[in-house]
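For the record, the sequence lines run as chains A and C. Take the first sequence: its letter number 6 is residue 6 in the working numbering, and every next letter is one higher. Each number in the working numbering comes from the position in the second sequence (counting from 1) with 1000 added on.
Just so you know, these hints were derived from the structure itself, not from any lab.
Pairwise CB distance ranges (calculated):
1. A:81 with C:1343: 42 to 48 Å
2. C:1102 with A:81: 32 to 38 Å
3. C:1222 with A:5: 52 to 58 Å
4. C:1028 with A:21: 52 to 58 Å
5. C:1199 with A:111: 43 to 49 Å
6. A:11 with C:1103: 34 to 40 Å
7. C:1025 with A:105: 46 to 52 Å
8. A:5 with C:1300: 44 to 50 Å
Subject to a maximum C-alpha distance of 27 Å in a straight line, what follows is the list of computed BS3-like cross-link-like pairs (lysine-lysine):
9. A:88 with C:1319
10. A:88 with C:1282
11. A:101 with C:1319
12. C:1319 with A:10
13. C:1151 with A:50
14. A:101 with C:1282
15. C:1357 with C:1418
16. A:44 with C:1319
17. C:1151 with A:44
18. C:1319 with A:62
19. A:88 with A:16
20. A:50 with C:1319
21. C:1173 with A:44
22. A:44 with C:1282
23. A:62 with C:1282
24. A:101 with C:1151
Because the structure is a prediction, the values reported are computed rather than measured. Here a beta-carbon is modelled for each residue, glycine too, at the ideal position from N, C-alpha and C.
So the chains spell out like this:
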Amino acid sequence: MYPSEYRYTKDHEWIKVEGSTGTIGITDYAQHELGDVVFVELPKVGAALKAGESFGTVESVKAVSEIFAPVSGEVAEINSALADSPEKINQDPHGAAWLLKLRLANPADAAALMDAAAYQAYISEQSKEQSA
Amino acid sequence: MRYLPKSPAEREQMLQAVGARSVDELFRSIPETFRLRAPLPLPGPLSEAEIIQYFQARAAENSRGFVSFLGAGVYSHLRSVVTDSLVQRGEFLTSYTPYQAEISQGTLTAIFEFQTLMCQLTAQEVANASMYDGSTALTEAALMANRITGKSRVLVARSVHPEYREVLRTYAKHTGIEVEEIAYQPSGELDRAALNQTRLSGAAALIVQSPNFFGVLEDVPALAEAAHASGALLVAGIAEPVSLGIVRPPAEADIVAIEGQAFGVPPSYGGPYVGVIATREKFVRQMPGRLAGQSADDQGRRGFVLTLATREQHIRREKATSNICTNEALYALVTTIHLCLLGKEGLREMALQNLSKARFALAELEKIPGVRRAFSGRFFNEFALEFPRSVKLINAALLREKIAGPFVLGRHYPELTKRGLVCVTETMPRAEIERFANALRRILETPL
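Please work from the sequences and hints to get the whole structure.
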């Protein structure tokens, strides 16, 4: 379910690092919690993102959530297909529905984030808290 | 919800809850000099009979028997008693936006129809549930253009209502928006040469008004083309929407900001009025204000909802498109009823009457020696005149004959001394236009 080569944040974003580029999206857990996504707001290409800061929003039929940058960098590309078909986030959150690609300020930053196993432990803990 | 004054016991309880020993201690952070030490100098309470007497006396102070040739952003039009009797029905009579929205299906239906009418009139795709007035609508349109384009400079024609420009500057001052004004040309239209000299590229929007403050129609399609060629949006303001009965709608504009007063709201001391923003559907998420949408319930029945509320402040806080969380519910309804009573043909007929009466008035006034048109551009129901002496002096003499107007243009445009704005709507009888022309001729024949 959660690709082992990705890294994950507590705010439920994932990042896939290839060289100095990082691809960012929201996790399957996040899309499931949000429900049907109807709108995605992304920054412009060239915008500078700082780790931990909000860079956009994902809006579903029941909520609107901020998306936070897992690491710092400059926006190199945004997934413009999401403007017309935001539902892709529900269908393929770890693949076709990536949000943006970052030119990483420091490619090593992502290593500090959770790996797939740690993230899965984290979300099962979250689910327990919610049902408690 | 009831609003009851609090008892000393309740004050005590609240102070305890916040951990303050006294009201004085609660307000300690306010410097001494700013604190009110004496009670407010308010008059004592009045009995019901005294209140009625008071207001009857105030009502008697109203001037009577004047005819008015004033427009300048506020327009006197015929309105039906049907509008007043309908809006006063208990089901409708509230100036509040629906907060527990879906329970107010009647109000939402009316708002949806209001939005539909505004879209039809402006040839735009979406319109909001209304704004405070034309000035805030125009200003919010500028902020919207800033959000859409990511650019912070807006160009505004000097022929836009001066008070709208003041509101724009007030908002701009604290939102990091730079406002640059574009001159007008002898026709009264925006000066295209001045526009080309300014940095149109890099601007979020070009903001114009049509008919503009001088009553002159702007070439909206050409201005939209110029704006678009430089990557700027065109914001079209409309202060006299009755013009839409015969003037081509601003279809090429990206955002249309309207003052709806002319649609059935009496002039009444300058407000409150009703503004509205209409735009293209692709910009809807950047549009401020409430938005009623049509939906269906779980049994498939048609119903109305407030939609795209995630743009709004109660959900998005500081990231909302605007701090407006309301609409001019009652006046939006007045507008809707008024327009439905008029109908498509009625509005057209009303607009045509404005045009012909204004043209007749201009012809009569231009016959007076020394009086000539100040601008040559096409106009609707308002035009500027140049007089051989100060408009203020002329007005003082006209007032003695129970005639109000023309509007003194020098008040907002220092270069337009001896120029006044004359507005003639369908409400103005021919005899009054002639009386105005005769009075003006006599006044100007009398040496100073």
